[in-house]
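Protein chains: 4
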Amino acid sequence: MNNEALKRKLYIVIFESDTPAGKAFDILLICCILFSVSIVILETVPGLPTYLATPFIILEYVFTGFFTFEYLTRIYCSPHPKKYIFSFFGIIDLLATLPLYLVFLVPSLRHLLIIRAFRLIRVFRVFKLFNFLMEGQMLLRALRQSSKKIAVFFFFVVILVTSIGTLMYMIEGSRPDSQFDNIPNSIYWAIVTMTTVGYGDITPVTPMGKMLSAFVMLLGYTIIAVPTGIVSVSMMKEYRRQQNVECPNCHKSGHEETAAYCKYCGTKLNEHQSHPS
Amino acid sequence: MNNEALKRKLYIVIFESDTPAGKAFDILLICCILFSVSIVILETVPGLPTYLATPFIILEYVFTGFFTFEYLTRIYCSPHPKKYIFSFFGIIDLLATLPLYLVFLVPSLRHLLIIRAFRLIRVFRVFKLFNFLMEGQMLLRALRQSSKKIAVFFFFVVILVTSIGTLMYMIEGSRPDSQFDNIPNSIYWAIVTMTTVGYGDITPVTPMGKMLSAFVMLLGYTIIAVPTGIVSVSMMKEYRRQQNVECPNCHKSGHEETAAYCKYCGTKLNEHQSHPS
Amino acid sequence: MNNEALKRKLYIVIFESDTPAGKAFDILLICCILFSVSIVILETVPGLPTYLATPFIILEYVFTGFFTFEYLTRIYCSPHPKKYIFSFFGIIDLLATLPLYLVFLVPSLRHLLIIRAFRLIRVFRVFKLFNFLMEGQMLLRALRQSSKKIAVFFFFVVILVTSIGTLMYMIEGSRPDSQFDNIPNSIYWAIVTMTTVGYGDITPVTPMGKMLSAFVMLLGYTIIAVPTGIVSVSMMKEYRRQQNVECPNCHKSGHEETAAYCKYCGTKLNEHQSHPS
Amino acid sequence: MNNEALKRKLYIVIFESDTPAGKAFDILLICCILFSVSIVILETVPGLPTYLATPFIILEYVFTGFFTFEYLTRIYCSPHPKKYIFSFFGIIDLLATLPLYLVFLVPSLRHLLIIRAFRLIRVFRVFKLFNFLMEGQMLLRALRQSSKKIAVFFFFVVILVTSIGTLMYMIEGSRPDSQFDNIPNSIYWAIVTMTTVGYGDITPVTPMGKMLSAFVMLLGYTIIAVPTGIVSVSMMKEYRRQQNVECPNCHKSGHEETAAYCKYCGTKLNEHQSHPS
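Heads up: the protein sequence lines correspond to chains A, B, C and D, in order.
All residue numbers for the first sequence refer to the working numbering, where the first residue is 2 and numbers rise by one.
All residue numbers for the second sequence refer to the working numbering, where the first residue is 2 and numbers rise by one.
All residue numbers for the third sequence refer to the working numbering, where the first residue is 2 and numbers rise by one.
All residue numbers for the fourth sequence refer to the working numbering, where the first residue is 2 and numbers rise by one.
Since the hints were derived computationally from the structure, they do not count as laboratory data.
Take these hints with a grain of salt, some might be off.
Copies of one chain are not kept apart here, so a pair can be met inside one copy or by any two copies together.
Said to hold, decoys possible - Straight line, CA to CA, 30 Å or less: simulated DSS-like cross-link-like pairs of lysine-lysine:
no.: 1; residue 1: K10; residue 2: K24
no.: 2; residue 1: K8; residue 2: K149
no.: 3; residue 1: K149; residue 2: K10
no.: 4; residue 1: K238; residue 2: K149
It should be emphasised that the depicted structure is a prediction, and the values quoted were computed from it without experimental measurement.
Extracted from the complex, chain A is given alone in its bound form (with noise of 0.2 Å):
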């Protein structure tokens, strides 16, 4: 009973954000998130005061101890521990800690501490900015949606960008001295020209390869329209389907993008969840 009662008191403190001790918890976690972060970029910069070395490493060793002790802290108080492990939240909690472990075995592993950016995605949760998630998930939505589109776009891409590096290959690779010496380089320079990067470090010099390289410059021009008009299509869907949300109560639809409740009568949507933890 008493071990329950501790177990709730934890799921609140670490869980939710409403009290203010639960509250105090996740802005203390941001700060420790964001301070990590902050050593693991740092402590790369060549400029560094020696005298700073000790410290951050210290420091990095401590905040995966206090990571690893929420983590569990985390599947111990949670009422579904395997549920919270599985979710998107429950991984990047674990590879949040998980690198600095690896460091004995292979020690350039520390800089994948950086994960742990990805649990700044709690600040959402915590500042209430319930509107911002819902706009979030709307976004992934309309994504999720035109996933299929996007993948046999890219299948066509890829086919696309091998062709024309093997035939860039065909036309620049003989010259001596050629930046298209192989075709995985040719076709890293189709990628580079096609997506309209042109980084510039490797440019065709023959006049066949610069008419072939204008004309992927011109395909990649119209090309880069497909996502762009898929993505609209799917947000402009999303956005139709989201005005017919019906009122469970009343039936009326026509509600506002953002609404949690029903104009009309007060009703929850349930069309907008709040954020599953």
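With the hints as your guide, set chains B, C and D onto chain A.
The following block gives chains B, C and D in isolation, referenced to the frame of chain A:
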């Protein structure tokens, strides 16, 4: 009484542009702004004849004096001085004069005089380009409506480029003379690549780095579709909302996008207000 | 009378392309344009055999003579010479002949002969590609409708890049050998970055400069969504308007996008006019 | 008769993928394609151990032999050989074997074996990814609908880059060591800039050149909105058309986007046909 009459007269000349004097003043003001902005830009060009240096500095003080005098007069003759001071244009007007006074403290601040360029927004009011103003306001409304979605989007983009930058640092950072020599630089590279800018000042050289790079480009190619989709849908909504503007007199809707008066009964539509000073 | 008959005959051959003679003349004209444009481009290529130089110059004079003669004949046989002279095609036709005459004044103007390329727009009329013309006109209408919004957008972009360029000059301009050595160069950099072109000829090197740069890129990433949104909405509107074209005879609407005749009663729809010469 | 039975059996194995044998054959085929494409790419990588060269060449002949045999068998067992030969997949299948036979004439053609990658499109059929196929077909329909608009758009882009390239050649071409040393190079630069690729291999150095360059970038920034707008509107239309698919039996519409059967009476909707071969 005499004081009040002077105030009203000044108000008409400075704030309004319907009278010949008001219009003349506004045109003079716009010329001064254009001229002073040109001086700020030109005086940094290396090949400039040296005999121009002194006149340029004198002109800068003359313009700043004029703008300061104008700013004080605006405060003096405004019926609600506080409202003016804290309005968008009030703050711009203040910032357009301050930098020269701060030169005595920090010399390089002089170039901030460029803020004057923002005063040019008045040009729309002076030349009665109300239609343009309305288009601008419609754009702003559409952007404001989608600001939450865009904020969520940017939050994820920031987490994403941080993670990708760190991953790239782990892949290429250990090579001698690597350009990815610290995580902030790698994050900068991730932003340059994801936004399809692609300077080419930092580029991957290892096969693994090129593969990650190609992946980031294709990701950026799709992700660029998200803000475009958001803004397109917002504009579409804004356009529909505008078509539904109801005349306050005859309650008919379906007016033209830029209509200021009801086309059925001539009543002023309160949807499109003229620009607030 | 004889004169009038000649005029009419010439008009049919030169302006129209329904008779065999008219079509033959138009195809000859298009070949001449393509050939003369190719010469203008080719004669600048370094590796060209020298024995081609003289024939190229002679051909240029021959083509210019032919185009001049054609231009004068068009004026002669046009029923409304003034209307032709000041029409879009009339001005293009004039500009396509002038540069060679100006060579005696300014030799480098010869390359302006490239303006002839615009005469190729006739190709749509000659080959009865009316559908393409209509699509082009629909595009133009959509762009014209959104021209005010785009103008306002560009006004703000110009103020923005001026301010960002000046800020960058303040951050990096004082370093020795800085590429941001004057404000016009920095504004040029701001435009290169904001439009996601990213040549990489001018890049920031200080941490502060890189941070501003990253911010400008993310800004440009969002701002690029605005013209796309504007144009998408315009096209959607244009498409809806077209669906609402009402037949002047049977007053039914809902015609196909490229329909020239009412599908219910066969009356010509006055929405899609053929190209005005 | 025996011959016919063999034909039918072969047809089921090679063309269909519903029987275990058919599916096994298709999976074997996809593995062979992936493997042979990987060889074409890998054998160009410089650091490859030399002892792999001979096995790679042998494997290439083995795969080409297998694909040739498969192609001939497909012709043999197809009920309409001509229809297969001139279908999209028939031509791809032929092109996937030809290059190696042409090596005796032109050795460098070997790399065209990469065309095999296009055979991978079968992957959708094999794994019953019909939904993906339908999405792909919807994308293609939307692109085909907008092909005329895009063609007109490209016609103008080509004229525009030709003119801009020539103008740039006139501005910067006369400088010693200029990168704009001939008009084709300048046109290539104009395309690189307008499409926002921005390699940076050719960049303007004079103030006039930079001004033209900035103008072209801002133009390209707006013009990129046109194909995006075209494709977005096409997709929106396609989506609406699909919602209006009428069931041939019960004449009800409003089906899901990817529905193959009427949701009211179960009749097959003839809008979404399965992939032709």
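Structure-inconsistent hints, enumerated in ascending order: 2, 3
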